[in-house]
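Residue numbers (my numbering), protein chains in the order written: chain F, 1 to 433; chain Z, 1 to 477.
Quick caveat, the hints were computed from the structure, so don't treat them as lab data.
Hints are not guaranteed to be accurate.
Distance condition first, Cα-Cα at most 25 angstroms in a straight line; then the derived DMTMM-like pairs of lysine to aspartate or glutamate [as the list claims (entries may be wrong)]:
#1 Z:264 / Z:348
#2 F:45 / Z:181
#3 Z:183 / Z:81
#4 Z:382 / F:376
#5 F:364 / Z:424
With the Cβ distance kept under 10 angstroms, some of the chain Z side facing chain F (calculated, not the full set) [said to hold, decoys possible]:
#6 77
#7 360
#8 367
#9 368
#10 377
#11 389
#12 392
#13 397
#14 398
#15 404
#16 411
#17 417
#18 424
The model shown is predicted, which means the values in this text are computed figures rather than measured ones.
Ideal Cβ positions, reconstructed from N, Cα and C, are used throughout, including at glycine.
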Amino acid sequence: MTAILGQMSILERKPGALDGAPEWFNESREAGWKQFLELPMPGRKHEQWRFASLKELDFAEVGIPPISKADGHHGAVGMEVRSARFGFVNDTLVEEESNLPEGVICLPLDRALAEHSDLVREHFMKQEATLGSAKFVALHRANVANGMFIYVPKGVVVEAPIEVFHWLEGEDIVSFPHTLVVAGENSQVTVVDYFQSDSKAKGSWAIAVNDLVAEQGAQLTYLALQDLCEEARMIQVNNTLVGKDATAKAFVLNTGAAWARQESLSKLGGSGSHSDMLSVSIGRDGQEYDQRTFQHHASPYSYSDLLYKNTLYDKSRTVFSGVILVDEEAHYTDAYQTCRNLMMSGDAEANSMPGLEINADQVKCSHGSTSSSIDESELFYLKARGISPREARQLIAQGFSVEAISRLKNPALETLVLSFAAREFDRIVESVS
Amino acid sequence: MSEAVQTLDADTKSAIDIDREKGDFRYPENHKYDAGSGLSSATIDYICDVKGDKDWVREFRHRALKVFEGKPMPTHWATKDLENIDFDKIRYYLSDGAKPKRTWDEVPDDVKETFERLGIPEQERAFLAGVEAQFDSEAAYSNVKEELSKEGVIFVNSNEGLNEYADIFRPYFGKVIPTGDNKFSALNSAVFSGGSFIYVPKGVKVKHPLQAYFRINSENFGQFERTLIICDEGAELTYMEGCTAPKFETATLHSAVVELVALKGAKIQYITVQNWSSNVFNLVTKRGLAMEDAEVRWIDCNIGSRLTMKYPGVVMKGEGARGEVISIALANDGQHQDTGAKMIHAADNTTSNVVSKSISVGEGRSTYRGQVHIPKHLKGCKNNTECDALLINSSSRTDTYPAITVKGNQHATQHEASVSQVSEEMLFYLQQRGLSEAEAMSLAVNGFVNELVREFPMEYSVELKRLIELEMEGSVG
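Make the full structure from the sequences, and use the hints.
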């Protein structure tokens, strides 16, 4: 609290209109604030917050930081081969590099609003937040001032990934990272969002919204790598709309933050649509990951597959709540959902609520959820080959995460995620005899 | 599915009609005691006076009424259909004032006829070790075979249990399911009447199952039976209950509380075939307590009712205890079978198993709701949960909402669920061999539940198969 003396809490400070923004955008901010005030704080009675640590939702001392110095820079390291890179520190643009095919719009939100107001308006926060965090999404809508807008026109293929860094700086501050990706008909694009901070972002928050739209036949891959410092918190709401014959692949990695809640909704809105939802979380100390997912099959012949893998050390805790909803008309649907927890400590806790709501016919659906520790015979096998118990446990834990990572089916992205995971495993100190 | 099967052949139709009507009959009401409609502390006093309850029971009921009034409807997670229950219209206590009959000859002819119509064959009746039949609020007939009473088995209704065997039943009464567990357990605690109180002494293994039949005969009547079964160390018991009600114009409420206590090494198996008519709200709380090396098994089949909400649970309190729930649910048009299981591990090396199969037909909806809880100070706990759903028509619906909490790394849990249809190919194959589509469907559905139906005692499993067959044949299309 000493960092920004006398700052006004985000709960009380009404954000005003944004200079230079189009009228509709400022109206949307206004509407967002109104909605934020109207909606109740999540409570014990909210089924969508079952098992959640509600005490984490304390914003009393959290405020908007002063504008970052334009010469500031984030401390993140990204990929070697990329087609664009943008960096934000507390939502202020500090780095920009772009080498994109013609016609692709990849701009910070403020500039996109100035240059492509109608196009942004068409897609900006169009889908309702239905998985519990509507209040915080409204807060985001009221405050969001910057972020990324990426639009890939019909038929354009962006080979290398677009990287976006969201860096959090300072104590008790909140930032509102926003990423909107629209992949036009038959286009292809990969976007990687990094959520990171230095070690001093104590009590700080990122309330992020990332919306993905894959139009007919498009192939959209999205990665969110969350590696905030251990005292920061995050709420991330992801809405994905998958059109006819389109493929969306979303991957979430959690290694950082004291508490992170992610709500991912994938709506299969066209026949032949395909959605992969993947996640790897590695918790230690008292870290807590609260993930809620929704696979909404609104069209026939759609396919979705979810695989969430959690490795829990120390006193870490996870909550997984997943729903597969198959609408009445969405016949011939295939939907799968799997959440697996690897318990690495006697103090870890895993909560799973895999759910199915099926209203259609000719549907193939399944879900599975398991929680278990490492099999002694696997350890014995490795130890018998001269591998130390500590190394053996780590190898098995890494191998456990790899199942989800390898579904990215892209060597560069897999290497990137593995490097984050490896760094996390190095931080883990296990007392194993 | 093809149009052809929607028009059933006359034979099938008549077969179905007969069976559906079986429970749909009623006798003239002849009640000496009637607590009237609505619920207040005066209703409670009326019930206490009629039953001659002791002071502690009266206090227990009054306290429960307060809890019931203070609790909101659980509609934040459960179906909004609950709001259609009008507690002021329900009649909470009806009785003709007669004591339960002890021999078959004493049983009034109309009640005998009930048994007849329920299709319990003569030999079976002779074979049953003990039968208690409940008519509205009170037991109409109750009988324990002599040899059982010689061994010390107590099989009485709740009134007798609490008044005459208080030293045995009071220590456990309301302990497995506390009054405040949920709104409906509180309601039952306030107005309960009838039900079975059973005590099986140390080491006694009851060979034949004990049975109870519950029947609602009066319109707007709510049935609130209370069952408490205690199996002392090393004892074994199988208990079966069945229920029916005629179809009334207005909805009826059945809200039971069933508590099982299996002491060290005891085994209790509790079997239910629920076939209430399709306007009964069936909101039941069932839980068992399993001590060291004890086993509690719930075998539960839900075919009737408008809305069933029932999640049998086992609290495994002693090391090596075992809990199991086997559940079959069939939801037809206008029905919602919201069933599941609750497994609370509270000791080391406890294991639990849940197998649930549901079938949704027409516009029916079936829901599986489960809870598995393994706290961290324990080790060696295991849970296996499987739930499979079968959807017959395109307007059928099924939901699954399990919640699994595991703390610590010395446990193993697994949960699998699947949803499927009867494949076109399978139907085609069977039809090609001369079966009608309805018969083929029926065969496939029976195949789906066969592995669980086998868990029921023989006479029930035959009945069950037939019931499922008939329910199916009427609705395929």
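We went through each hint and held it up to the structure:
1. Z:264 / Z:348: At roughly 15 angstroms apart (the allowed maximum being 25 angstroms), residue 348 of chain Z and residue 264 of chain Z satisfy the hint.
2. F:45 / Z:181: The hint holds at about 16 angstroms.
3. Z:183 / Z:81: Roughly 15 angstroms between the alpha carbons, so the hint for residue 183 of chain Z and residue 81 of chain Z holds.
4. Z:382 / F:376: 16 angstroms, holds
5. F:364 / Z:424: With a Cα-Cα distance of about 14 angstroms, the restraint between residue 364 of chain F and residue 424 of chain Z holds, given a limit of 25 angstroms.
6. 77: 5 angstroms, holds
7. 360: Status holds, d = 8 angstroms.
8. 367: Status holds, d = 9 angstroms.
9. 368: Residue 368 of chain Z check passes; min Cβ-Cβ to chain F is 8 angstroms, inside 10 angstroms.
10. 377: Holds: closest Cβ of chain F sits about 9 angstroms from residue 377 of chain Z, inside 10 angstroms.
11. 389: 7 angstroms, holds
12. 392: Holds - the Cβ of residue 392 of chain Z comes within 10 angstroms of chain F, reaching about 8 angstroms at its closest.
13. 397: Hint on residue 397 of chain Z: holds, closest Cβ of chain F at ~5 angstroms, below 10 angstroms.
14. 398: Since the shortest Cβ distance to chain F is 5 angstroms, the answer is holds.
15. 404: With a minimum Cβ separation of about 4 angstroms from chain F (threshold 10 angstroms), the hint on residue 404 of chain Z holds.
16. 411: 7 angstroms, holds
17. 417: 5 angstroms, holds
18. 424: Holds - the Cβ of residue 424 of chain Z comes within 10 angstroms of chain F, reaching about 8 angstroms at its closest.
Hint compliance for this structure: no hint is broken.
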